[in-house]
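For the record, the sequence lines run as chains A and B. 0 is the number of the first residue of the first sequence in numbering that gives the first Met the number 0; add one for each residue after it. 0 is the number of the first residue of the second sequence in numbering that gives the first Met the number 0; add one for each residue after it.
Treat the hints with care, as some may be off.
Taking lysine-lysine and the DSBU-like style, the derived pairs with C-alpha atoms no more than 35 Å apart in a straight line are [stated by the list, open to error]:
#1 B:Lys113 x A:Lys7
#2 A:Lys36 x B:Lys69
#3 B:Lys8 x A:Lys70
FYI, nobody ran anything at the bench for these hints, they're computed from the structure.
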Amino acid sequence: MEYVITFKNTNFAIKAEQILLADRLRVTVMPLPSQIKAGCGICLRINPEQIGSALKILKSNHIGETVIYLKRVDNNRTSFQEIVDSAILM
Amino acid sequence: MQIIDVLGKPCPIPVIEARKALSDQDVETVLIKADNMIAVQNLERMANGLGYSFGYEKKSESLFEITINKEGKAPPPSIPSDTLQIESCVLPTDRLVVVIGRDTMGAGAEDLGKILIKGFIYSLTELPIPPMYIIFLNSGAYLTSEEANTIDDLKRLEEKGTEIYTCGTCSNFYGLQDKLAVGSITDMYGITEKMASATNLINI
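Looking at chain A on its own, in the form it has when it is part of the complex (with noise of 0.2 Å):
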């Protein structure tokens, strides 16, 4: 179980990808899910433990509109739960 971080472009995926691991977080990178229509083609992966400092990290660095997404695996399959309110994980 994991998050999946999605951001509104491009450009904002590269750079919360820099600045979560300038400060040490373990994110990791995946291409947008075919299940998640929303943010652009690129999101991040962060463990459990850690969603709650990135995302603190994300705002104090103005990268807004993120979507929140927890990974499942159950049976090989997988799947994307929204989580509507992400400001409870912070």
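Chain B: place on chain A using the hints.
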């Protein structure tokens, strides 16, 4: 002769395990114990594709012993045609080799290329049949070093049966020789041999 037990293992694991064993130069014959006819059919196609001889024996309803030998050409199909039906998964008759010769993808903005290559590596984990080898060379060596955030995805590929190699000369050049975090080091002979063994080669 090497014996592989894939009883209870779903497709495509029997084929991946057999292919892995056969890639060892010292192994001539592999005996695979499988529990279903689909695995037998898939292994026969793989053996035919590689030009190896194939035979199987039905020991019981849930035990098939398949023998694949590197000597000789494949005999006529030993499976009755009426059982050649359901295909539950794609077959790895192709040997896909991916060569990543830099730490970016495509030409243009470097920042974009650096994030694209990471997305590409993740996408490889989602292929129905993972690549046989992924070879990292030149600045691609950064992607297998401990500071890279591609390591988790590359480890997942290793679990799926992909072998990961990094060019030793390259990791030495970039001062990464003590930082390898996934797979092993190889030299140009190993790289060339693996590239030449490919039926499909993706060169980034």
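Each hint tested on the structure:
Of the pairs offered as hints, the one joining lysine 113 of chain B and lysine 7 of chain A holds, with about 19 Å between alpha carbons and a cut-off of 35 Å not exceeded. For the hint linking lysine 36 of chain A to lysine 69 of chain B, the alpha-carbon distance of about 49 Å lies beyond 35 Å, and the restraint is violated. Using a Cα cut-off of 35 Å, the hinted pair lysine 8 of chain B and lysine 70 of chain A holds, with the two alpha carbons roughly 26 Å apart.
Checked against the numbered hints above, the structure breaks only hint 2 and satisfies the rest.
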